[in-house]
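> Starting from the known structure of chain A, fit chain B onto it as the hints suggest.
Number of protein chains: 2
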Amino acid sequence: EASCPDPADYPLPPPTSIPTKVLDPDKKTPDHHVPRDPRLIRLTGVHPFNVEAPLSDLYNEGFLTSPELFYVRNHGAVPEVKDEDIPDWEFTVEGLVENPLKLTLRELLAEYDQITCPITLVCAGNRRKEQNQVRKTKGFSWGAAGVSTALFTGVVMADVLKRAKPTKRARYVCMEGADKLPNGYYGTSVKLNWVMDPERGMMLAHMMNGEMLRPDHGKPLRVVIPGQIGGRSVKWLKKITITDVPSDNWYHIYDNRVLPTSVSPEESANNPAWWRDERYAIYDLSTNSAIAYPAHEEQLCVVGAPENYRVKGYAYGGGGRRVTRVEVSIDKGKTWRLGKIDYAEDRYREAGEHQLFGATLDMTWRESSFCWCFWNIDVPVAELKDAKDILVRAMDESMNVQPRDMYWSVLGMMNNPWYRITISHENDYLRFEHPTQPALMPGGWMERVKNAGGNLMNGYWGEKIDGEDAEQP
Amino acid sequence: EASCPDPADYPLPPPTSIPTKVLDPDKKTPDHHVPRDPRLIRLTGVHPFNVEAPLSDLYNEGFLTSPELFYVRNHGAVPEVKDEDIPDWEFTVEGLVENPLKLTLRELLAEYDQITCPITLVCAGNRRKEQNQVRKTKGFSWGAAGVSTALFTGVVMADVLKRAKPTKRARYVCMEGADKLPNGYYGTSVKLNWVMDPERGMMLAHMMNGEMLRPDHGKPLRVVIPGQIGGRSVKWLKKITITDVPSDNWYHIYDNRVLPTSVSPEESANNPAWWRDERYAIYDLSTNSAIAYPAHEEQLCVVGAPENYRVKGYAYGGGGRRVTRVEVSIDKGKTWRLGKIDYAEDRYREAGEHQLFGATLDMTWRESSFCWCFWNIDVPVAELKDAKDILVRAMDESMNVQPRDMYWSVLGMMNNPWYRITISHENDYLRFEHPTQPALMPGGWMERVKNAGGNLMNGYWGEKIDGEDAEQP
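Line by line, the protein sequences are chains A and B.
In this text, residue positions in the first sequence follow the numbering used here: the first is 1, and each later residue adds one.
In this text, residue positions in the second sequence follow the numbering used here: the first is 1001, and each later residue adds one.
Okay, chain A solo, but in the shape it has when bound:
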């Protein structure tokens, strides 16, 4: 029946294989109890564990990412939680509430409605390597794979807070994890009115793609804040405190901010007031996109090539705002052509209300969009042969469009200028280069341009414009 499509019409998790082996590098770290996938690219040496998948592997998995390739952002050691202790995992709801709560995971499962829905998480540092090429930031070098999507199962956060009864002065929801760090437990906050808004879909999750959360993703309980940067989705949740001011946790203050571009690393160190200005805290993701194919260093033989090459990638918006167009240029932004967008998230809406992973999947009423979309466009190979680069930009439903210019900042976060790959012609081949490669991996056109003395911030990707003074574009 048309009004009730087969659930199989929406994406189900890709094949997964739960890692069982602790990798050699992890054996001497506090994470010696965490089995992991060897394909992940480590961005901060061996420990703490901060990783992204190779971009092609991520894209090839499709709309949903397997937990073993899902990006990880850990500030320190992963809390060790034995399976038999999971039901007794305890967290509290306190602060400006009439009815403070102490809940075990067992109670959370027994006493609250369970929901399942697909949510894309993105690290605020996604694409930071590009910023580091321009000028070193205080952050490590994410490529463009600091983004992943899963079906999360858990409880609507508002349901828990309603039972705790926030008082009239209550404005913020502070959250703290079990990960003990040099500056205390990791913690941050969001606005209470956001948590109470059903369209924002904030939840406490204990499952990911139908299985228990894995250690790196917050086992046994985490917050999931859709549409906002991953840094707000506290893992290993232990404490919720309702307050009238934003979190004063060290990580809330000194992480996940976009300071004004004029603030240098030195200035930010000398004047801590910059960090205390809540206006610079990041919540919503910004509109972003990247090209997955052509992949970095992919080569296309133009002899006997098919008529078209299919350029493909991902895009996402922030705050539940949908990506409404993705545009590609092969003439340096002079003209743009419209890509096709596949919003797999809509297929869950169309599926009606039903059960998935022992919980209710009902997105029929939800009008916000919290997942990435995939886009593609067929470009004639004859035109690619004459092109020097491929640019992509997305726009969201509020008409926020990715800009040409990078907004460089001390922490290098929210990097979202047009994603650009270059094309070079070598004999019968077109060779494609992405802007960077993650972590300390060499490669990418930005490194090449920089080494050649180009000014990456001149509005033309550091290209020499004939006769232009290198320092005065």
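Hints listed in this document are in silico derivations from the structure and should not be mistaken for laboratory results.
Positions of the beta carbon are idealized from the N, C-alpha and C atoms, including for glycine.
There could be a bad hint or two in this list.
As the list claims (entries may be wrong) - Below are the EDC-like pairs computed for lysine to aspartate or glutamate, each with C-alpha atoms no more than 16 angstroms apart in a straight line: (1) 1334/B to 405/A; (2) 1239/B to 1088/B; (3) 168/A to 1367/B; (4) 1168/B to 342/A; (5) 1191/B to 367/A; (6) 385/A to 331/A; (7) 340/A to 1353/B; (8) 27/A to 85/A; (9) 1168/B to 367/A; (10) 1102/B to 1159/B; (11) 1332/B to 1463/B; (12) 1027/B to 1037/B; (13) 1162/B to 1111/B; (14) 168/A to 1353/B; (15) 1332/B to 405/A; (16) 21/A to 37/A; (17) 334/A to 1405/B; (18) 191/A to 1367/B; (19) 1191/B to 199/A.
Unchecked claim - Rough simulated footprint, nothing fancy, chain B against chain A, three-plus residues with beta-carbon under 8 angstroms: (20) 257–263; (21) 447–461.
Unchecked claim - Residues of chain A clear of chain B, computed beta-carbon distances all greater than 12 angstroms: (22) 38; (23) 193; (24) 241; (25) 413.
Structure of chain B alone, referenced to chain A:
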């Protein structure tokens, strides 16, 4: 007492003088009954009445705009409503509701709570003249004064809809005015979930700055949709229809859209499908800003000048999102300096709950921001002497920043690239030029650059870069 500041701490309406004279040009039009202010700049000839104030006059009035300088966007003749008929003005709430309503303004005043709050309205065409300089759009030439702010008094729209009881299928709120036009009554729609969300503050207003609405602003009853383009705030409200699909009103389909930049006027005329794609409909405003001072053609004598010149202007965000920074560059975007922001809207929040204009002003609980802010920055005159231009850009709390590049589209709406004024040095004077002048008024650097053969879309405001091929930036 600190917790209850004097209401005088927030802006009250500027001095006003209600126009009593019908201007000569209006006497022969259907608007012969509407007295108006002669300072307003007409953008579409004599009739219909589409006007903005001179930018300096608008800015000088301060945070609140007098009704006589408040911009006007009329699609046709202003409905004539005699004062004695106002209490009997009738509108309906129908469609997907359990309890259809027919309400008079008298009943609306008697049976519903009345609120007052400051709201900035902006025409989607604000700054469109800049787009028309690049390539003629289907829209007329707004300067940068298609934006105004007033204290609106009326009823929370959700209160009315709750009484009508929308059914489960209800998703959209269609609104229709009394202005009969070639393609029917003006009408459009917004999402029902937005109307029901208190943080979005949508209202039915009958007063503006404490007085009855004037004819050009919807007398006696209009919708006010904060944070969205003015085109959604239907004037002379007659009908609300709850539906499961967006409005099919001609003006909802063929106006207030940003089609992809690749769609030419011809293509949009040949393929009506472009207009039927709801993804291209504009709702939220986008982040925008403009410089008010230096004014267009202002001259600054550098001999004996004070040490600093204070650059000033306005900025606004969309969808209730606050402007969190305004940055100014005098070196073509290479470096930016941070402006000071005055958010007068906050002073109403701080004033606590009280009565204003016979209604409740209570913004203590509201966390969204629906008004423009003013910004300023002191720039040393010695540095201005060496500068060629002044650029400004704003960023909102979701880190949406105004882009360098114009997004040209068929209707020329939502124009929000960096606002730029040029500086020329003539003897002992610095002369400033804005990008354009509204309507058909000549002047502005864009016209000058275009006449000199510059490509306004080359990423450098059409400036010749030495050695650059004019057609291949």
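> Please name the hints from earlier in the document that this structure breaks, with their numbers sorted from lowest to highest.
Failing hints, ascending: 4, 7, 8, 23 and 25.
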